[in-house]
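J.: These are the residues of each chain, in order.
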Amino acid sequence: MKPNDVVLQTITTVAAFIIVLFSIQLFFAGHYNPGGGFIGGLLTSGAIVLLLLAFDIKTVSTIFPFDYKIMTAIGLLLSVGTGAGALLFDVPFLTHAYEYFHLPLLGEQSLHTAVIFDTGVYLVVIGITMTIIQTIGESE
Amino acid sequence: MLNIGLDILIALFILGGALLALVAAYGVLRLPDVYTRNHAASKSATLGIMLLLFGTFLYFLEDGHFNSRLLLGIAFIFITSPVAGHLLSRAAYNSGVKLWEGSVQDDLENKEKLEQGK
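Protein chains in written order, with my numbering: chain A, 1 to 140; chain B, 1 to 118.
I should point out that these hints are in silico values taken from the structure, not numbers from a laboratory.
Heads up, a few of these hints could be off.
Unchecked claim - Computed, partial: chain A to chain B, Cβ under 7 Å: (1) 7; (2) 11; (3) 15; (4) 18.
Said to hold, decoys possible - Pair ranges (Cβ atoms, derived): (5) A/106 x B/32: 56 to 62 Å; (6) A/57 x B/18: 37 to 43 Å; (7) A/70 x B/61: 43 to 49 Å; (8) A/112 x B/67: 20 to 26 Å.
Where a beta carbon is used, it is the ideal one built from N, C-alpha and C, also for glycine.
Input sequences plus hints: build the corresponding full structure.
T.: So this is what it looks like as structure tokens:
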């Protein structure tokens, strides 16, 4: 008998959007408020795990056609890259810089290179969590 | 800060939410089987948490701090908590948990027989 998961699947499509939005908010709020790359990445992978619970593993891999191991590698590369970029300006490794910019629509904003480092952390956390969960989920 | 009426309203929301959470815990202890317990836990705990969050939201609003996360939390609890209750009940029924002996009707009892007859 085929189980009927229509309640779970309908709510998942709504809830996953809220979770992903909240995780992006946590990621960008990390500099001035509690949050950052680690918790944002965990929450994003939580949304993907919710989709994995409601739908099967094949559907989710067509929605998100990423190889999570490559995502981890890109994240590490971003973090090391921002650290090594400091050496070009003759300052110690991992020295960060920021500047105030006047952006269209957003107005006066300070852009910080730590965001790129945090993006690396974010991608590594998503990649590792999803690799672990999908590897356990696929093994018989 | 001297807005006494709003302070009383906030206190009513928070105390009402805490009372409903207590009622939910009491229902989980007192009710006879998993379905009635689930009924108590998923309904009154949901409303209790929503009242608590709304009271907290009003408390911060009084200080001029609009916390949209609390509103998002209210909406999120409201849509997800009943679904969690539904899934728990359904998992319990499908794994064969018996109803309370005082139950008078079980509409899903002959479900598999009916589906095979089609």
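J.: For each hint, tell me whether it holds in the structure or not.
T.: Quick rundown of the hints versus the structure:
Checking residue 7 of chain A against chain B: minimum C-beta separation of about 6 Å stays under 7 Å; hint holds. Hint on residue 11 of chain A holds. Least Cβ distance to chain B is approximately 5 Å, under the 7 Å limit. Annotation: residue 15 of chain A was flagged as interfacial toward chain B, and the flag holds, the nearest CB pair being 6 Å apart, inside 7 Å. Given the 7 Å rule on beta carbons, the hint for residue 18 of chain A holds: about 6 Å separates it from the nearest Cβ of chain B.
Our hint of 56 to 62 Å for residue 106 of chain A and residue 32 of chain B holds, since their Cβ atoms are close to 58 Å apart. Restraint check, residue 57 of chain A to residue 18 of chain B: a C-beta distance of roughly 42 Å satisfies the suggested window 37 to 43 Å. Range check, residue 70 of chain A to residue 61 of chain B: about 45 Å between beta-carbon atoms, so the 43 to 49 Å window is met. Judged by the Cβ atoms, the range 20 to 26 Å given for residue 112 of chain A and residue 67 of chain B holds: they are separated by roughly 25 Å.
Hint violations for this structure: none, all hints satisfied.
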